[in-house]
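Colleague: So the chains spell out like this:
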Amino acid sequence: MTLFFKFNFNLLCQKILDEVLTDQGINYKVIAFGEIEVLEKLSKQRQQELQQALEAYHIEVVENQKSILVQKIKDTIIDMVFNEDTTVNVKSSVYLADALGHSYGYLSNLFSEVTYTSIEHFIILQKIEHAKQLIIKEDLSLTEIAFRLNYSSVAHLSTQFKNTTGITPSAFQRIIAKRREFNQNNN
Amino acid sequence: MIKKLNNNINFFKTLLYISAFFILLLGALSYRSVSDLTKSGELVTHTYRINVELEQILSYLKDAETGHRGFLVTKDSVFLEPYLNSRERINNNFAELKSLTSDNPTYQSNLKNLNSLINNRLETFKTTLEYENPEDYFDSVKFSNELKKGQKEMDTIRNHINNMIYLENQLLEKRKLDYQSNLVATPLLLFTLLLLTLAIMFLAYLKISKNMKKLNEANESLELFKESANQSEIVSKHGNWTWHVDGNTFNYSDNLYRLLGEQPQSFEPTLENFKQFVHPEDVEQFAHQIEQMMKNVDLPYIYYRVIHKNGTIKHLKAYGKSIVNDDNELILIGTTADITDEITSYKALEERNTELERSNKELSSFNHVASHDLQEPLRKIQTFLSRLEEEEDKLSERGVKYIDRIQNAATRMRVLIDDLLQFSRSNKADKVFEDSNINLLLEAAKQDLAEVISEENVVIKADTFPTIRVIPFQIQQLFVNIIGNAIKYKSKDRIPKISITHQIVDASEDENLNKAKKPFYHKIMFKDNGIGFDNQYAEQIFTLFSRLHNKEEYSGTGIGLSICKKITDNHKGFIKALGTPGKGATFIVYLPID
Amino acid sequence: MQEDYINIALADDDEDDRMFFTDAFEDLKIKSKVNTFNDGVYLMDYLNSEDALLPNVLFLDLNMPRKSGLECLKEIKQNPKFKDIAIAIYSTSASEEDIENTFVQGANIYIKKPSDFKTLKKVLSDVVTINWQYHTNNMNKDNFLLRF
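Residue numbers (UniProt numbering), protein chains in the order written: chain S, 1 to 187; chain V, 1 to 594; chain D, 1 to 148.
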């Protein structure tokens with residue numbers, strides 16, 4: 001008799017990971033397949049124990065150097081965009097290269113390779129994200145927001161906002177306000 | 001009006017009282033004057049009677065004297081008779097005189113004196129008669145003395161009587177004078193009073209006749225008014241009624257009967273009789289509403305149906321108002337109108353409206369079909385075409401060309417569908433006007449066109465706009481269409497430049513605003529340096545599907561400017577176009593200021 | 001991350017559209033697993049089943065028989081189990097009312113189905129990468145609004 005199996009490897013691996021981590025008493029959250037966030041500080045010893053436990057299934061804890069660097073790039077960009085004290089007078093490419101000690105070309109290629117997106121795009125995304133927060137929380141005018149985020153004009157800001165999100169800043173503001181009202185009415 | 005009439009009546013009453021008083025006074029005065037006249041006549045008679053009595057006394061004495069003398073001469077006793085009678089006669093006279101002058105003490109004493117004088121005289125007569133023979137006394141000194149004494153006494157009596165008569169006459173004169181002054185004054189007074197009364201009466205007559213004339217005129221116009229009211233009741237199909245609630249009596253106007261399909265005044269106007277005409281389904285409510293009408297001063301209209309004897313059903317509408325008249329009676333005044341025609345036409349209108357609504361719905365679902373359901377297959381055709389294009393290397397040259405042609409046709413169809421959808425959206429009823437920042441709308445429009453603006457290096461110069469009350473997305477669409485239009489019809493030799501200006505204009509001073517309904521308008525002017533157009537097409541370009549160029553030269557559906565027209569119409573504004581071929585075009589949008 | 005699969009689901013009653021969709025993901029370099037459902041009922045039945053693999057991004061056609069995309073959206077938003085799913089509306093029509101309404105009710109992305117395969121691939125790729133950014137960079141998902 002021949003049996004045919006159909007595996008869902010994703011689910012299978014997920015299940016194994018879950019078992020091992022729970023067995024080890026580690027509090028965690030699955031971010032994506034193959035990426036978990038440990039919600040507590042793990043001592044070196046516990047990290048080793050975890051690695052040993054996983055080795056039985058031929059699962060490795062990957063401490064990919066590239067991933068770490070990409071994360072550093074992201075952190076630097078987020079700090080650059082959100083922390084208004086970090087005044088950036090130079091071009092962001094120069095700033096990143098200086099901050100991380102690699103050529104911008106290297107960083108850029110690495111970033112695209114890992115994230116399928118460009119550093120420039122990521123910067124814009126973060127800036128727009130910051131703009132969104134300011135629009136919602138701080139009740140600032142677009143002129144003030146444009147100034148804070150180093151845009152040359154309101155037009156430039158709203159054009160980039162629209163290009164990135166497909167909607168205008170005022171439509172965004174309106175939708176978020178309505179959504180809150182809607183959620184309140186439904187709860 | 002009523003007050004004025006009351007005033008008039010009071011005025012007449014006063015005049016009547018005054019006249020009556022004068023006439024009464026006239027009567028009293030006349031009576032007094034007549035009685036005075038009688039009295040004065042009586043006084044004269046009285047005086048004359050006294051005088052006559054006195055004269056008689058004197059004449060009796062003279063008779064006695066004459067008889068006495070005759071006797072003395074003849075000794076014939078016949079002559080003695082007057083003397084013998086005289087005493088009795090004089091006594092009679094005295095009695096008469098006493099009664100006549102009982103009110104006058106001076107006179108009484110005078111009479112007493114006269115009496116004693118007469119007694120003396122008669123005594124003297126007596127002594128002389130004692131002589132038997134004439135010889136005895138003719139020569140006798142004594143006798144002569146006796147005669148002389150008699151003579152003297154006679155003179156004294158005469159004097160006395162004359163004196164009394166004189167006094168009496170004097171009194172009469174005095175009294176006569178008194179009465180006469182009265183008698184002269186009274187007629188004058190009477191006459192004056194008479195004249196005054198006549199004058200008042202005349203005045204009253206004048207006034208009354210004037211009022212009568214006015215009253216007649218008023219009556220006449222009232223009659224006319226009544227007639228025209230009757231007529232208007234017939235024409236406007238309404239009737240009037242009054243209800244004296246206390247006496248429970250009604251008055252129905254002629255036309256109220258006609259509203260019930262009956263001859264005027266053909267039955268007794270009562271509530272019961274009226275109710276017999278009311279539609280059975282409405283009777284209860286009708287009775288209830290009539291009750292309400294009595295309780296409240298004012299009531300909303302009441303509606304009910306009546307059935308004519310021939311079966312026709314009519315819709316009536318009634319309104320009543322209660323008033324209290326001068327006699328404190330409650331009266332309900334009402335109007336009842338036949339609104340059957342109104343209701344019929346209202347129903348017809350309602351039906352037509354529903355029909356219109358239905359056809360509108362059909363139209364909008366057609367729009368939905370046109371936009372949505374047509375888009376779907378078209379999109380698939382285009383997507384499949386785009387996938388075919390990926391495999392161009394496997395196709396023949398001709399195949400590639402055909403695919404290109406199909407792609408063009410499909411693109412054109414898509415633009416048409418999109419534009420049609422936009423046009424139907426600008427027709428939609430749910431238009432929300434908001435106070436809008438026009439500058440932001442222009443900015444948004446520029447963003448919509450960002451790609452083509454940067455491609456063509458378009459230069460747009462715009463004034464700063466005030467806040468205007470508009471339908472925001474439509475005005476943005478208007479900007480997109482006009483600016484897009486200017487870019488599409490750009491001149492090939494120069495960079496497209498568009499200037500957008502704003503000003504507020506007085507409608508009476510702008511030749512484009514001769515049909516304007518508001519006094520002031522926002523005037524937004526879009527001026528470009530494109531290819532322009534011949535001004536003879538200035539009106540035509542706003543009609544649906546009209547194009548001035550063929551598709552090969554300039555793509556376009558001929559819908560864009562119609563949408564602009566629609567949008568300005570929605571805003572009760574205007575749009576005008578001016579063109580100079582080869583130089584450029586100007587579009588002017590007018591939006592009303594409320 | 002290269003080894004990761006991104007889970008995509010699509011509910012659309014149109015066969016051609018489902019085909020374009022899966023073809024586009026096949027062409028993209030992104031490693032993805034695409035599940036398609038023929039209408040809203042099939043989709044909700046799957047999502048509510050116990051062993052369902054919840055998608056990272058769910059594409060909903062609005063106009064579907066039996067259960068419309070909007071109804072699915074409402075059900076998903078009411079269930080906390082689905083709170084991590086990014087919802088993309090994937091529709092032929094794109095009236096402003098539809099767009100705003102679905103955003104207000106919790107959709108993150110609104111895609112007007114493109115009429116060109118290249119554009120479709122570009123849009124789907126953008127959606128997935130931007131969603132990934134929100135997913136991995138602790139960005140506020142409440143602010144995640146994207147329109148194509």
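You may find that some hints are simply not true.
In silico lysine-lysine, DSBU-like type, Cα no more than 30 Å apart, as pairs [as the list claims (entries may be wrong)]:
| id | chain 1 | residue 1 | chain 2 | residue 2 |
| --- | --- | --- | --- | --- |
| 1 | S | 74 | D | 74 |
| 2 | D | 141 | S | 29 |
| 3 | S | 66 | D | 122 |
| 4 | V | 401 | D | 141 |
| 5 | V | 446 | D | 121 |
| 6 | S | 162 | D | 31 |
| 7 | S | 72 | S | 44 |
| 8 | V | 565 | S | 162 |
| 9 | S | 15 | D | 77 |
| 10 | D | 112 | S | 6 |
FYI, nobody ran anything at the bench for these hints, they're computed from the structure.
In this text, all values refer to a predicted model and were calculated from it rather than measured experimentally.
Colleague: Against this structure, judge whether each hint is valid.
Modeller: A quick look at each hint next to the structure:
1. S:74 with D:74: Status violated; Cα separation ~34 Å.
2. D:141 with S:29: The hint holds at about 17 Å.
3. S:66 with D:122: holds (26 Å)
4. V:401 with D:141: violated (47 Å)
5. V:446 with D:121: With Cα atoms ~27 Å apart, residue 446 (chain V) and residue 121 (chain D) stay inside 30 Å; holds.
6. S:162 with D:31: holds (28 Å)
7. S:72 with S:44: Given pair residue 72 (chain S), residue 44 (chain S) holds - Cα atoms ~22 Å apart, limit 30 Å.
8. V:565 with S:162: holds (29 Å)
9. S:15 with D:77: Measuring from Cα to Cα gives roughly 27 Å; hence the hint holds.
10. D:112 with S:6: violated (36 Å)
Comparing the model with each numbered hint stated earlier shows that hints 1, 4, 10 do not hold.
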